[in-house]
Amino acid sequence: MNSLRIAAISTVLIFFLGILAAYYVAKLPRLVKGVLDVVLTLPLVLPPTVVGYFLLRLLGPKRTIGLWFLEVFDLRLTMVWYSAIFASAVVAFPLMYRTARGAFESFDITLAHAARTLGRSNTWIFWRVMMPYCKQGIIAGTVLAFARALGEYGATAMIAGYTPGKTATISTTVYQLWRTGDDAGAMQWVLINLAISAVVLLCVNMLEKKDRRPRRRAAPVSGEVE
Amino acid sequence: MRLQVDIHKDFGKFRLDCSFETESGQVTGLLGASGCGKSLTLKCIAGIEKPDRGRIVLDDRVLFDSERRIDLPPQKRKVGYLFQNYALFPNMTVAQNIAVGVQDKAARKETVNCLISSFYLEGQEHKYPRQLSGGQQQRVALARILASQPEVLLLDEPFSALDSYLKWQVELELADILSVFSGPVLFVTHNRDEVQRLCQQVCVLDNGRSQAMMPVHELFEAPRTLSACLLSGCKNVSRAKATADGKVEALDWGVTLNPGQPLPEGLTHIGVRAHYIRPVEGPGPNALPCLVERVVENVFSTVVMLSTPGGSQGFSRLRIELEKDRWAALSQRDPLWLELPTKDLLLLTSK
Chain A
12 MNSLRIAAIS TVLIFFLGIL AAYYVAKLPR LVKGVLDVVL TLPLVLPPTV
62 VGYFLLRLLG PKRTIGLWFL EVFDLRLTMV WYSAIFASAV VAFPLMYRTA
112 RGAFESFDIT LAHAARTLGR SNTWIFWRVM MPYCKQGIIA GTVLAFARAL
162 GEYGATAMIA GYTPGKTATI STTVYQLWRT GDDAGAMQWV LINLAISAVV
212 LLCVNMLEKK DRRPRRRAAP VSGEVE
Chain B
796 MRLQVDIHKD FGKFRLDCSF ETESGQVTGL LGASGCGKSL TLKCIAGIEK
846 PDRGRIVLDD RVLFDSERRI DLPPQKRKVG YLFQNYALFP NMTVAQNIAV
896 GVQDKAARKE TVNCLISSFY LEGQEHKYPR QLSGGQQQRV ALARILASQP
946 EVLLLDEPFS ALDSYLKWQV ELELADILSV FSGPVLFVTH NRDEVQRLCQ
996 QVCVLDNGRS QAMMPVHELF EAPRTLSACL LSGCKNVSRA KATADGKVEA
1046 LDWGVTLNPG QPLPEGLTHI GVRAHYIRPV EGPGPNALPC LVERVVENVF
1096 STVVMLSTPG GSQGFSRLRI ELEKDRWAAL SQRDPLWLEL PTKDLLLLTS
1146 K
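First to last, the sequence lines map onto chains A and B. Following this note's numbering from start to finish, the first sequence increments by one per residue and tops out at 237. Following this note's numbering from start to finish, the second sequence increments by one per residue and tops out at 1146.
It is possible that some hints are incorrect.
Calculated lysine to any residue pairs in the SDA-like style (CA-CA distance at most 25 Å, straight line) [as the list claims (entries may be wrong)]:
| id | chain 1 | residue 1 | chain 2 | residue 2 |
| --- | --- | --- | --- | --- |
| 1 | B | 845 | A | 133 |
| 2 | A | 44 | B | 806 |
| 3 | A | 146 | B | 1006 |
| 4 | A | 146 | B | 927 |
| 5 | B | 1030 | B | 976 |
| 6 | B | 808 | A | 40 |
| 7 | B | 873 | A | 123 |
| 8 | B | 845 | A | 135 |
| 9 | B | 871 | A | 43 |
| 10 | A | 38 | B | 927 |
| 11 | B | 804 | B | 1146 |
| 12 | B | 808 | A | 42 |
| 13 | A | 38 | B | 922 |
| 14 | B | 962 | A | 137 |
| 15 | B | 922 | A | 118 |
| 16 | A | 44 | A | 118 |
| 17 | B | 845 | A | 143 |
| 18 | B | 904 | A | 40 |
| 19 | B | 804 | B | 1006 |
| 20 | A | 38 | B | 870 |
| 21 | B | 904 | A | 136 |
| 22 | B | 871 | A | 137 |
| 23 | B | 873 | A | 120 |
Since the hints were made in silico from the structure, they are not lab data.
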């Protein structure tokens, strides 16, 4: 299942890159933050074909990065099965980045201050306080990114093309089958896609419910300030 | 142990210039209106904020020195900080929260158990912070701080997140804890009653500038600055001018008063506490005529707001508080003559 493989790998990539970017951007001064935010969010609003065009210009076998990889590692970056990873990672990245950043920005910074005065390192604070605190946002971001990566078509078609059994993903397959008049075949893949998406969303909902349960018992903190 | 603080930080619109010294066994109040830089001062001492210049020294340990470019991270300062909202980690239980403060892994379990019992948290170990009352939350936060064995304690308005009916109990508990803590304690508040009950000395912060440290009784008996006087709860203050014969002209009240003491350099205001003002029959020394503007009935007393027609502004007010039946006997008088007793006058400067 090329589609699942690609979506999974790009989600793992996005997970770390998105959190990293969100963590550092959230701490930046406002002006720099605004500029970086635009750059990092652009792939979300650009048509996927435009993203695909940029990717081809960067990674194509005759372009800088593509050429370098070809010469040094003898590795083609386009029109192979993993090419679609670049496409879906770039397109889905903003979803992870933005949700994670929102979560980090709502993080109560006094918790970090408290941990530091108690002698804990910044790494410890990140993993033991900040990540659990922002869990909801990060899970949501991951799922959205996965869903988007799974459904990516435009940039994928441009950079990976459609080679049945090699670079084909569900979305490119559906388009090809429909174009060639194989309606039943297209329907089959549509149903598979539907099933995968439904299962993913169900898993998320269950995760969220499990996480919220203890919170319902929350005793109201009397007169809490800000 | 001795904590010396001398820090400066410029925010453009707001400047912090704060310096004071405090020692072990003393609870030092930092008293000021909100936004005057109290919390900022604590954050600088803890290393969360960095002053532009200055020094923070604990005994012979330099925590911060802008000239020698020393700036210890909060982790190495050994400064315990009790935050206004306690800053308990919501994803950890009471026991886990306290364990965060314990550095020594081998002794962690034992230390945590010990703290849990000495802070009356038995049975709460496995609860999450949100399941605790405000008072319990504060105990957990304090236990967690003491687990990290700090040399100084900083308390940032520790009662502001509590309901008033809880506050009294929690305050007594805190007083017990402070009495056994061996290092210096800084207590930030805007509440004069908390200062009176918990602190031995007090430093008034006025718009970012710290004033001279004074014993707590002095704040209430003889404040020397206008801001200290207002923060100590004195409601009756008038602009003042020294006259040639050593008396004081209270400009807003329109009366010349005999202060019975040498005037301080740079006198700008004069104050008198409401409960020292005495109604009198008629004109006399330090007496002035007043008109009743408004009467407010409290539960056990009556507060009377009076205007002083002789004053240059005309709208300045005096405020007195009387027992209900005493007011009933006086309420018909017009004007009402009041004496501001010589021994109770507070002579104030603006700095």
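Hints and how they fare:
1. Distance hint between residue 845(B) and residue 133(A) is fulfilled; the C-alpha atoms sit about 17 Å from each other, no more than 25 Å.
2. Pair hint residue 44(A) plus residue 806(B) holds up; C-alpha atoms about 21 Å apart against a cutoff of 25 Å.
3. Between the alpha carbons of residue 146(A) and residue 1006(B) the distance comes to roughly 46 Å, so the proposed pair goes past 25 Å and is violated.
4. For the given pair, residue 146(A) sits about 23 Å from residue 927(B) by alpha-carbon distance, which is consistent with the 25 Å threshold.
5. This hinted pair does not check out: residue 1030(B) and residue 976(B) have alpha carbons roughly 36 Å apart, beyond 25 Å.
6. Restraint check: the Cα-Cα separation between residue 808(B) and residue 40(A) comes to about 19 Å, which is no more than 25 Å; the hinted pair holds.
7. Distance restraint check for residue 873(B) and residue 123(A): the Cα-Cα separation of roughly 16 Å lies within the 25 Å cut-off, and the hinted pair is therefore satisfied.
8. Restraint check for residue 845(B) and residue 135(A): satisfied, since their Cα atoms lie roughly 22 Å apart, inside the 25 Å limit.
9. Our distance criterion of 25 Å between C-alpha atoms is broken by residue 871(B) and residue 43(A), whose separation comes to about 31 Å.
10. With a C-alpha separation of about 32 Å, the suggested pair residue 38(A) and residue 927(B) falls outside the 25 Å cut-off, and the hint is violated.
11. For the hint linking residue 804(B) to residue 1146(B), the alpha-carbon distance of about 19 Å falls within 25 Å, and the restraint holds.
12. Between residue 808(B) and residue 42(A) the CA atoms are separated by roughly 21 Å; this keeps the pair inside 25 Å, and the hint holds.
13. The straight-line distance between the Cα atoms of residue 38(A) and residue 922(B) is roughly 32 Å, outside the 25 Å bound, and the hint therefore fails.
14. Taken as a hint, the residue 962(B) and residue 137(A) pair is broken in the structure, with Cα atoms around 34 Å apart against an allowance of 25 Å.
15. Our distance criterion of 25 Å between C-alpha atoms is met by residue 922(B) and residue 118(A), whose separation comes to about 22 Å.
16. Note on residue 44(A) and residue 118(A): the hinted pairing holds, with a Cα-Cα distance of about 17 Å set against a maximum of 25 Å.
17. Simply put, residue 845(B) and residue 143(A) have alpha-carbon atoms about 28 Å apart, too far for the 25 Å limit, and the pair is violated.
18. Between residue 904(B) and residue 40(A), the direct Cα distance comes to roughly 42 Å. Violation of the 25 Å bound is thereby established for this hinted pair.
19. Between residue 804(B) and residue 1006(B) the CA atoms are separated by roughly 16 Å; this keeps the pair inside 25 Å, and the hint holds.
20. Restraint check for residue 38(A) and residue 870(B): satisfied, since their Cα atoms lie roughly 20 Å apart, inside the 25 Å limit.
21. Taking the CA atoms of residue 904(B) and residue 136(A), the gap is about 21 Å. The hint holds against a cut of 25 Å.
22. Of the supplied pair hints, the one linking residue 871(B) and residue 137(A) holds, its CA atoms being roughly 19 Å apart against a limit of 25 Å.
23. Only pairs whose Cα atoms come within 25 Å are accepted, and residue 873(B) paired with residue 120(A) is accepted, the gap being roughly 20 Å.
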